[in-house]
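S.K.: Letter by letter, the chains look like this.
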Amino acid sequence: MKSSVLGLSCHYHDSAACLMQDGRITASAQEERFVRRKNASDLPLQAINYCLQAGNITALDLDAAVFYEKPFLKLARVFTGHLRSFPRSFGGFRRSMPHWLQDRLSVPITLREELGFSGQTYFIKHHLSHAASAFFPSPFEEAAILTADAVGEWTTASRGTGRGSRIRIDDEMRFPDSLGLFYTAVTTYLGFEAHEGEGTVMGLAAYGRPSFLDRLRRIVPMRPDGSFTLDKSYFDFYGDRRLYTPRFVAEFGPERLPGSPLEDRHRDMAASLQALTEEVVLAMARDLHERSRMENLCLAGGVFLNCVANQRLLDESGFKAVFIQPAAGDAGGALGAAAFVSHSLWGKPRPGRMDPYLGPDFKPGEIRRALALAGLQGRQLPEDELCRTTARLISEAKVVGWLQGRMEIGPRALGNRTILGDPRNPKIKDLINEKVKHREEFRPFAPAVLAEAAGEYFHMNAPSPFMLLAPRVREEKKSVVPAVTHADGTARVQTVVEEHNPRFYRLIRAFRDLTGVPIVINTSFNRRGEPLVCSPDEAIAVFQSTQMDALVLGDTVVQK
Amino acid sequence: MSDKGFFRRLWDRSIKAAEAVIQAVFLPAGLFLLYFAGLGITWVFSKLLRVESLRDPDPSAKTFWTPAEGFEPDLEDCTRQS
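If you read the sequences in order, they're chains X and W. Per the numbering used here, the first sequence starts with residue 590, numbered consecutively. Per the numbering used here, the second sequence starts with residue 29, numbered consecutively.
Hint data in this document are derived by calculation from the structure and do not stem from the laboratory. In this text, a Cβ means the ideal position worked out from N, Cα and C, and glycines have one as well. Fair warning: there could be bad hints in the mix.
When the alpha-carbon atoms are kept at most 27 Å apart in a straight line, the in silico BS3-like pairs for lysine-lysine are as follows [claimed, not checked]:
#1 K1016/X x K952/X
#2 K821/X x K90/W
#3 K1149/X x K987/X
#4 K1016/X x K1066/X
#5 K591/X x K952/X
#6 K75/W x K821/X
A partial selection of chain W residues facing chain X, derived with a Cβ cut-off under 7 Å [as the list claims (entries may be wrong)]:
#7 L61
#8 Y63
#9 G66
#10 L77
#11 T91
#12 W93
#13 Q109
I would like the entire structure built from these sequences, with the hints used as guidance.
M.R.: Printed below as a string of structure tokens:
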């Protein structure tokens, strides 16, 4: 019988489950994909059930469940936060306390009631879960580790090292001095949603000048080692309405209302925020490199979903290699918690490679049934022809939905739940937005490139399999792939190797054979405001409710 | 049989009504009291006693990193929620 441990992250945002068996990741998925509600935070019952099915076990067969943080420590910090903002924090207190009383302090009881699991439940500190999620799936035997997010229990950033099956965290920064909360506060000031709009702000930053940078530096004074403190007179993380204070508004002007037109000062604020964030993480990483004298760096926490900052860490921190797993945010906490128990405490061997395709797969019969139910007829094709046909459709400026194999974990589509487009076509961004995505026009679309050709198009000397780096596009190639070149000349690249995703690789190769360009646009398969599609039914729903031109489900091509 | 059904339904309705009253009245009132009485008194004392976790770090500090604690747990540590 395999030793099985179930990792869980939930109750804040982006809940997820992960099943590890004998040290290998059997399955992992975010609850939002099943309940169809973005950033779902409930106990991930459907994700758990999927993981147990994938492992061919029931909850009774689990040796342990592991929660990705320590709830009572977190509650102590929440009370302290409300005290700091007393009496303005009453609204937040009134809203959050019922959740604490109902479910946040009773994880073992809930697991017993909902799943019949009566074994041992463990609790790992939030940033230790992040650190474990960064180091254990990495290819490194030893590495420095840096984590940064909004806040766990008390910790907002941590640094340390990993060797073999051991992790050592040396230092931490503590609430309320938080880079993640600072980024989120300014994101909401700019009229975007917390925990959702940060990536949008990163994209917006390329259109502005960092004209507020000096003023932001004054309210976020930083030391050479990257540590900093926030001037609390500008921020109020437990206030009733906003994460920033009237003083912040007095200093930087009125906040932007959601949906209102973007002005230059908004773009400049985004650019300033991004510049300061890069300064901070770069200083943290350089100092960690000097202290640890290690060549490899592992990163986790929501801050490291910022691919522009990640690229600078790779280029300028002194580390030779950087590893960031695809679910670097809180969803990856489930993976980290399970990995810590499995490797550190039980001594199971590490997996050696991170496979992001850990979600549900659908058999050809299920796809046929879904198509029949929707009244759609498609052509079933052998793989070579399927890839050639899809490549031709992409080259004809068609917007193509592509659902293959197991679903990705993490926020990025990595070639299995993807909308495809032609990167050579300067109008394709508008077309994809008009037909399906309806995103802000300034947001770029990302390229998926054959790994061996990446250096021809981008200034990169390291792979980016999880789309978490943003190298510069080579000057001479900007006009070749205008649709994936962002305003600042970068692109959020995914490098694709045949061994990791054979069919996606062959599709891009077919596109290269047809056009000479080894790149396709890869954007997440969803409608605006919805999570990535999981099942063929959901893919068909997007296909039928939008102007998407073609849909490829497994071996079957459907065209309008 | 029908009496039992009647009483069962009555009981269920009473429970639901009680839950609704708790949700609508007692829970907000309890939270109000907990916040303004409980946290309020704590706030006054924490200000008087200058409790460390409510103080900001010294802005002239050379670093804002602090030594990490509790990050090398064994199985026993991991059973605790705090």
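S.K.: Is the straight-line distance between the alpha-carbon of K591/X and that of K952/X 27 Å or less?
M.R.: 26 Å, holds
S.K.: Was the hint right that T91/W lines chain X, CB cutoff 7 Å?
M.R.: 5 Å, holds
S.K.: Quick check on the hint: L61/W CB to chain X CB, less than 7 Å?
M.R.: Interface hint status for L61/W: violated (12 Å vs cutoff 7 Å).
S.K.: For a C-alpha distance cap of 27 Å, please report whether K821/X and K90/W respect it.
M.R.: Roughly 19 Å between the alpha carbons, so the hint for K821/X and K90/W holds.
S.K.: Using Cβ atoms only, decide whether G66/W comes closer than 7 Å to chain X, and label the hint accordingly.
M.R.: With Cβ-Cβ at 9 Å, over 7 Å, it is violated.
S.K.: Does K952/X lie within 27 Å of K1016/X when you go C-alpha to C-alpha?
M.R.: 35 Å, violated
S.K.: Please check whether Q109/W passes as an interface residue: C-beta within 7 Å of a C-beta belonging to chain X.
M.R.: 5 Å, holds
S.K.: Taking the least C-beta to C-beta distance, is Y63/W closer than 7 Å to chain X?
M.R.: It holds, given that the least Cβ distance between Y63/W and chain X is near 5 Å, below 7 Å.
S.K.: Could you check if L77/W really has its C-beta closer than 7 Å to a C-beta on chain X?
M.R.: Not OK, violated: L77/W not within 7 Å of chain X, min 12 Å.
S.K.: Tell me if the straight-line CA distance from K75/W to K821/X falls inside 27 Å.
M.R.: Measuring from Cα to Cα gives roughly 16 Å; hence the hint holds.
S.K.: Given the hint that K1149/X pairs with K987/X, does the C-alpha gap stay at or below 27 Å?
M.R.: Roughly 11 Å separates the two Cα atoms, so the pair holds.
S.K.: For the pair we were handed, K1016/X and K1066/X, check the Cα-Cα distance against 27 Å.
M.R.: 17 Å, holds
In summary, the numbered hints that this structure violates are 1, 7, 9, 10.
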